[in-house]
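Chain order of the listed sequences is A and B.
Just so we're aligned, residue 68 is where the first sequence starts under the working numbering, counting upward by one.
Just so we're aligned, residue 68 is where the second sequence starts under the working numbering, counting upward by one.
No false leads were slipped in.
Because identical chains share one entry, a pair is satisfied inside a single copy or across any pair of copies.
Straight-line C-alpha distance at most 27 Å; calculated DSSO-like pairs for lysine-lysine:
(1) K241 <-> K184
(2) K148 <-> K234
(3) K107 <-> K165
(4) K101 <-> K165
(5) K212 <-> K133
(6) K241 <-> K320
Honestly, the hints are just simulated from the structure, not real lab data.
2 protein chains.
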Amino acid sequence: MVEEKSVVTPWEVSGTVDYEKLIKEFGTQALDQKQLSSQKDAPPLLRRGLYFSHRDFPQWIADAEKKKTVSVVTGRGPSEKMHLGHLIPFLVAQYLQKRYGCMVYIPLSDDEKFFFKRALTQEQAEAYGEDNILDIIALGFDQQKTKIFRDFEYTTIYRYAALIAKKTTFSTAKAVFGFQGDTNIGFIFYPAVQSAHIYLPQFLHGSHRTLVPIAIDQDPYMRILRDVADGLGFIKPGAVHAKFLPGLSGNPKMSASDADNEVIFLTDTPDVVTKKINKYAFSGGKDTLAEHRAQGGNPDIDISFLYLKYLFEPEDKALAKIEKDYRSGKLLSGELKKILIDKINIFLKEHQKKKEQAKKLVSKFKLT
Amino acid sequence: MVEEKSVVTPWEVSGTVDYEKLIKEFGTQALDQKQLSSQKDAPPLLRRGLYFSHRDFPQWIADAEKKKTVSVVTGRGPSEKMHLGHLIPFLVAQYLQKRYGCMVYIPLSDDEKFFFKRALTQEQAEAYGEDNILDIIALGFDQQKTKIFRDFEYTTIYRYAALIAKKTTFSTAKAVFGFQGDTNIGFIFYPAVQSAHIYLPQFLHGSHRTLVPIAIDQDPYMRILRDVADGLGFIKPGAVHAKFLPGLSGNPKMSASDADNEVIFLTDTPDVVTKKINKYAFSGGKDTLAEHRAQGGNPDIDISFLYLKYLFEPEDKALAKIEKDYRSGKLLSGELKKILIDKINIFLKEHQKKKEQAKKLVSKFKLT
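Please put together the full structure from these sequences, using the hints given.
Written out as structure tokens, the structure is:
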């Protein structure tokens, strides 16, 4: 992992990311990790620090606990098939829905990806959208309380986006997103569409608190959209911000833009998973068996351990034992990898089955 | 009529307009007036020089005469109720449909007006759109061959606009439309929507020639959209450009933005029409009866005569007699106005009746 200049924008993440610094730069609040870690029903990534920052999260919780209407919006830009890193906001949305019975809206920004990716055709973006919708449904959202849509299909979003676009000057959008002369006018308009996604529950159900589980690089959209809340007569949406799930080799963000050896796709077969983890997963273990037995490994930088911690080992005691054994040298890198491989393959087998079943459910989830 | 600096943009027309100069500036072609004046079935405004410029009109005619698929698109920005000046492109579209049996698409850009007019709400723009649609249907388009839509209702237009937006950089749009930092991002996106209107027949029915009857101030949209034809695999749409119908007092363009004393609305009652024409219609007659009888009037600058010429007196002989009598002094200003008032009131009475009937036809015309 080479140290380099840190870049965190909605379109680029590189270098070593200093999350404390982002909280200050973006003007967000640190999450109360102690409180979160005590929520035994929450998914590991929420209890174990992958979410680190927020805007107005306690106010959302307070309203939810008072049984007021609250909602969650979390979306996806469908420029490729989905991988493990893409699950992060959905797992939080699902948890909040289970705990508070709230509506969840899931927009797929096929328009954003079409505008941004030069080589991506509209048909390709739409096809990825349809495929990703199956993956999202497979996660097990509540049919009665979850609405999923693509912008190029649920084009009514344009009517809502217009309300926000009229309140957003080019100067403001440029200051936040750094548009240039060669930026296409679709991409310049898109922040209004993303804002409309996040205000959609309020457009449809009136003013209430909405929470957006989101990776920290997407926060500029939150800033621009919170500014127009008053003018719309709505409550500023809140957010919880995740750190990035690192790629296999330790890149700060798992991204298929890099290469297949960085990511586990939700479509990967057991053989592929085994090969990818064994071959590419960055290890915190020592170079030789003797060294490892003597000095132990470092789980803090070990990708296999981190995936177990944030995604695949929900039992605190089991995880603590893995960590202890790895640190002591009792557990070898290959053994740690084997634990992860088995967990991922169990998850993916089930996921792939549910994804197949999801084809019959699409019409129940789609907002039209 | 005060001479002042001429301004002709899609949003502002002022000063004395030099149409010959616009042909050069905009890079269009002069229409063959001799050929047009021989088309005895064409509406007066086409036979008598209100249309003066074009792009690829002969090619459209050639295809139409070969019975190839051709279409017409002409729209309206619904920021107010409609007046006489708004009829101009629709009368041409209707003529071409009657003569060639072609499809006519009529987009109402409630989004454009919403983005551009600070005080106009989305609901107001939509309500004007619905009202204007009734006026347009009342003109008598072919139910089988005419599709009318509003952008905020037929939001599928967003999907088509996206294809054009991706090919249009901010620099290009800015160069054509002069956007500033305080321009809202909806308005920056809108040229892609207007382009999508004009390509819609080709999106829906494949590559063919489309003609756009349009006031000359809208030609910048034609320039920007013709540039992307190749990339879409479409034929560059053609256009016929109208001069502006002058306002009652002689302003270069009849516009309700000025004042009620400039325009005859399609909703005006006979009393209101009589009062407006008598009180405001700029006269080419002389100041006193004696002078007028002796020297005659000037029909070339007489608004009442011009409205008869372009809209309300289709019979060439009748018009020639009016012109001759007015020039000679035999026909007085008041008498000329009376001829126009009667013609307008006959037209409006019929129009208002048809508009009432149009309410039942809306669903047949709407594209959804």
